[in-house]
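S.K.: Below, each chain spelled out in residue letters.
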Amino acid sequence: MTRWFSLTRLLTLLRKEMIQMRRDRITFAMMLGVPLMQLMLFGFAINTDPKGLPSALVAPTQDRFSRAIVSALELTGYYRFTSAGVSAAEAEALLARGDVSFVVTVPSDFGRRVLRGDAPTLLIEADATDPSVASGAISTLSTVAAQALQRELGTQAEAAAQAAQSLQVVVHRRYNPEGITQYNIVPGLLGVILQLTMVMMTAMALTREIERGTMENLLSMPATPLEIMLGKLLPYVAVSAVQVLVVLGAAQVVFGVPFVGSLHLLLGGILLFVLALLVLGYLISTVARTQMQAMQLTFFFFLPSLLISGFMFPYRGMPGWAQILGEVFPLTHFLRFIRAVMLKGAGIEAVSGSLLALVLTVLVLSLIALLRFRRTLD
Amino acid sequence: MSAAPAIDVRGLVKSFGGRRVVDDVSLTVAKGEISGFLGPNGSGKTTTIRLMCGLLTPDAGEGQVLGMDIRQQGHLIKREVGYMTQRFSFYEDLTIEENLAFVAGLYGLSPARQHVRDTLADLGLTARRQQLAGSLSGGWKQRLALAACIMHKPRLLLLDEPTAGVDPKARREFWDEIHARAHDGLTVLVSTHYMDEAERCHRINYIAYGKLVAAGTVAQVVKGAGLTTLVLEGPQTPAAARALRGMPGVDQIAPFGNTLHVVGRDGAALDRSARQVAQQTGCALRPSETSLEDVFIHFMGEARDNMA
Ligand SMILES: Nc1ncnc2c1ncn2[C@@H]1O[C@H](COP(=O)(O)OP(=O)(O)OP(=O)(O)O)[C@@H](O)[C@H]1O
Ligand SMILES: [Mg+2]
Numbered sequence: 001m002t003r004w005f006s007l008t009r010l011l012t013l014l015r016k017e018m019i020q021m022r023r024d025r026i027t028f029a030m031m032l033g034v035p036l037m038q039l040m041l042f043g044f045a046i047n048t049d050p051k052g053l054p055s056a057l058v059a060p061t062q063d064r065f066s067r068a069i070v071s072a073l074e075l076t077g078y079y080r081f082t083s084a085g086v087s088a089a090e091a092e093a094l095l096a097r098g099d100v101s102f103v104v105t106v107p108s109d110f111g112r113r114v115l116r117g118d119a120p121t122l123l124i125e126a127d128a129t130d131p132s133v134a135s136g137a138i139s140t141l142s143t144v145a146a147q148a149l150q151r152e153l154g155t156q157a158e159a160a161a162q163a164a165q166s167l168q169v170v171v172h173r174r175y176n177p178e179g180i181t182q183y184n185i186v187p188g189l190l191g192v193i194l195q196l197t198m199v200m201m202t203a204m205a206l207t208r209e210i211e212r213g214t215m216e217n218l219l220s221m222p223a224t225p226l227e228i229m230l231g232k233l234l235p236y237v238a239v240s241a242v243q244v245l246v247v248l249g250a251a252q253v254v255f256g257v258p259f260v261g262s263l264h265l266l267l268g269g270i271l272l273f274v275l276a277l278l279v280l281g282y283l284i285s286t287v288a289r290t291q292m293q294a295m296q297l298t299f300f301f302f303l304p305s306l307l308i309s310g311f312m313f314p315y316r317g318m319p320g321w322a323q324i325l326g327e328v329f330p331l332t333h334f335l336r337f338i339r340a341v342m343l344k345g346a347g348i349e350a351v352s353g354s355l356l357a358l359v360l361t362v363l364v365l366s367l368i369a370l371l372r373f374r375r376t377l378d
Numbered sequence: 001m002s003a004a005p006a007i008d009v010r011g012l013v014k015s016f017g018g019r020r021v022v023d024d025v026s027l028t029v030a031k032g033e034i035s036g037f038l039g040p041n042g043s044g045k046t047t048t049i050r051l052m053c054g055l056l057t058p059d060a061g062e063g064q065v066l067g068m069d070i071r072q073q074g075h076l077i078k079r080e081v082g083y084m085t086q087r088f089s090f091y092e093d094l095t096i097e098e099n100l101a102f103v104a105g106l107y108g109l110s111p112a113r114q115h116v117r118d119t120l121a122d123l124g125l126t127a128r129r130q131q132l133a134g135s136l137s138g139g140w141k142q143r144l145a146l147a148a149c150i151m152h153k154p155r156l157l158l159l160d161e162p163t164a165g166v167d168p169k170a171r172r173e174f175w176d177e178i179h180a181r182a183h184d185g186l187t188v189l190v191s192t193h194y195m196d197e198a199e200r201c202h203r204i205n206y207i208a209y210g211k212l213v214a215a216g217t218v219a220q221v222v223k224g225a226g227l228t229t230l231v232l233e234g235p236q237t238p239a240a241a242r243a244l245r246g247m248p249g250v251d252q253i254a255p256f257g258n259t260l261h262v263v264g265r266d267g268a269a270l271d272r273s274a275r276q277v278a279q280q281t282g283c284a285l286r287p288s289e290t291s292l293e294d295v296f297i298h299f300m301g302e303a304r305d306n307m308a
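Protein sequences, first through last, are from chains F and X.
Heads up: the first sequence at position 229 corresponds to 229 in UniProt numbering, and the numbers run straight through without jumps.
Heads up: the second sequence at position 239 corresponds to 239 in UniProt numbering, and the numbers run straight through without jumps.
These are calculated hints, taken from the structure and not from any lab test.
Some hints here could point you the wrong way.
As the list claims (entries may be wrong) - One side only, chain X facing chain F, incomplete, derived with CB under 8 Å: (1) Cys-53; (2) Leu-55; (3) His-75; (4) Lys-78; (5) Tyr-83; (6) Arg-87; (7) Phe-90; (8) Glu-98; (9) Gly-105; (10) Leu-106; (11) Tyr-107; (12) Gly-108.
Unchecked claim - Beyond 10 Å from chain F on every Cβ pair, some chain X residues (computed): (13) Glu-62; (14) Thr-126; (15) Ile-253; (16) Pro-287; (17) His-298.
Just so we're clear, the structure is a prediction, and the values are computed from it rather than from any experiment.
Glycine is no exception: its CB is placed at the ideal position from the N, C-alpha and C atoms.
Put together the whole structure using the sequences plus the hints.
M.R.: Okay, here's the thing in structure tokens:
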């Protein structure tokens with residue numbers, strides 16, 4: 001018992017870690033500052049419902065119906081027609097260059113169809129490279145257009161009114177067919193924030209001992225690898241709890257992200273994810289010789305995971321090899337998990353695949369970390 | 001008391017990247033003895049000490065420390081040994097008291113508070129106990145390190161250059177402390193580059209390029225080196241030094257103030273050369289005791305020759 005594990009020793013290590021954490025103001029500030037800053041930047045920048053987006057209008061025949069629709073769209077505040085009456089080709093170029101976010105096309109037979117009561121069609125092409133930008137504008141679209149037609153037709157023939165009801169709005173999300181909604185971002189952000197701080201902090205904490213030479217001393221005293229590892233990791237579990245509280249609180253209060261799933265399941269999954277990250281950070285620290293190297297290794301891991309985990313770009317939109325590579329990152333599984341639980345109210349069976357992947361990650365990484373950690377210096 | 005030595009290691013070998021840093025080192029330190037560990041920079045002192053306290057695993061060799069096997073019982077050795085690292089390795093962002101409390105906790109000393117308080121008082125650290133270790137001067141850091149490694153009442157102290165950068169008074173106090181504890185039965189192995197400290201040891205061990213070159217009391221080591229030392233004195237010593245260079249029997253020439261020490265293995269040849277030069281330059285010539293430093297410099301030269 002006392003050879004491999006002693007509670008006194010673990011508590012001693014924890015106490016020391018806490019004192020150090022408290023004295024290291026900058027790091028401490030970073031652990032709280034990073035989540036807040038990321039929340040502000042990512043959360044607000046992406047969730048602000050952008051208004052007055054530049055738009056182009058392609059309307060070969062300018063009739064009262066097309067004018068009615070255009071003015072109704074402008075009234076929503078989302079659309080600002082900067083280029084009206086351009087040709088389809090010009091509009092295409094504007095969209096490609098990113099000069100406009102939307103191209104609204106009113107087909108030449110639009111008016112005729114309305115009057116005939118013959119299901120008129122309206123085409124909206126949206127630059128969905130940043131999908132959340134377009135989503136608000138698009139979601140209001142069909143009702144606004146239908147109402148505009150209704151108003152314009154007034155007391156006219158019933159058949160025509162019917163046409164307004166049957167108005168079809170065809171939406172093309174260009175360049176990025178899988179539109180992520182803004183709700184995707186904040187839960188995903190929790191994963192990203194946890195990942196950055198947890199991996200980096202643990203990687204640095206242990207490397208610091210090696211760099212400052214205190215590891216030699218620690219190893220010459222009766223502390224076991226398990227105790228040293230737990231002593232390093234547990235304080236950061238506490239830190240992560242604070243971060244989770246901040247982000248989930250903000251998700252509810254500030255961003256109004258719906259939460260339909262089970263809280264217990266959510267917290268359980270988060271804990272699992274945090275463990276995976278801590279062990280990963282610990283593993284990095286067994287490789288890195290200096291804190292600088294630990295930092296670099298963290299980013300070496302962090303950046304690709306940000307790109308191909310499904311946080312930045314839709315997972316399903318990536319080529320096959322990238323999807324396979326993405327499976328390696330705990331963040332990928334966590335994103336699937338948290339989006340499913342928070343937004344879709346998924347139960348444990350639905351997310352068991354992701355959870356299993358996380359469990360496996362923790363086990364494999366822990367094993368490697370304990371094997372790599374030597375009680376000796378060589 | 002049994003005669004079993006506190007340290008008894010044989011044929012230790014440790015290589016880093018194919019280079020034998022510790023090469024077939026055997027070392028014996030009797031109980032209650034203060035044993036000096038000397039050798040030039042990079043000769044493998046720190047590495048040997050780490051091998052003995054279980055921080056490194058030897059590539060070859062075996063031995064016992066306090067009767068416990070260095071390969072199998074490293075975890076037991078750690079509880080009975082106090083190891084003071086060459087580089088200060090306590091937490092600079094913790095106070096003296098917090099550092100000691102940390103050490104007490106790891107050794108499972110109870111009541112920890114009492115141990116810390118006693119140790120603070122014992123080493124005169126009580127007044128500074130709230131000071132961060134990082135803000136201490138070299139002498140106080142050393143005192144903290146010593147306090148931390150004797151708090152758990154080890155039976156063996158391994159001190160790696162404990163007095164580097166410490167002023168003479170603090171060094172004297174440090175050695176008084178060590179001698180007092182050795183008198184109470186503590187065994188000490190201490191590495192140092194200071195000759196006066198070597199002379200304070202009961203026995204010394206000299207290592208060069210990973211090989212143990214000499215071991216014994218200072219007198220034995222000096223005698224064993226078989227060197228003859230002559231002193232030239234007079235106004236013309238710089239000229240004498242130039243003239244002596246390369247002459248038969250002359251191995252070392254070292255000026256000390258107005259005098260010149262010449263050292264050589266071949267006493268007769270040295271005597272002839274020195275006599276001749278003394279006459280030429282009008283210096284007085286007299287025989288002298290060979291100093292430990294002369295012996296060590298001689299060892300260094302010899303070991304290098306063996307390497308080449
Ligand atoms: N972990 C290591 N990896 C590679 N080489 C090492 C390692 N530790 C020590 N060495 C090398 O081994 C040699 C002996 O080092 P060691 O620290 O034992 O010497 P030392 O006698 O303590 O020197 P000093 O008097 O300068 O403290 C040095 O050349 C050093 O570079
Ligand atoms: Mg050394």
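S.K.: Would you mind marking each hint as holding or not holding in the structure?
M.R.: Hint-by-hint comparison with the structure:
no. : hint    : verdict
1   : Cys-53  : holds, 6 Å
2   : Leu-55  : holds, 5 Å
3   : His-75  : holds, 6 Å
4   : Lys-78  : holds, 5 Å
5   : Tyr-83  : holds, 4 Å
6   : Arg-87  : holds, 5 Å
7   : Phe-90  : holds, 7 Å
8   : Glu-98  : holds, 6 Å
9   : Gly-105 : holds, 3 Å
10  : Leu-106 : holds, 5 Å
11  : Tyr-107 : holds, 6 Å
12  : Gly-108 : holds, 5 Å
13  : Glu-62  : holds, 16 Å
14  : Thr-126 : holds, 20 Å
15  : Ile-253 : holds, 40 Å
16  : Pro-287 : holds, 47 Å
17  : His-298 : holds, 33 Å
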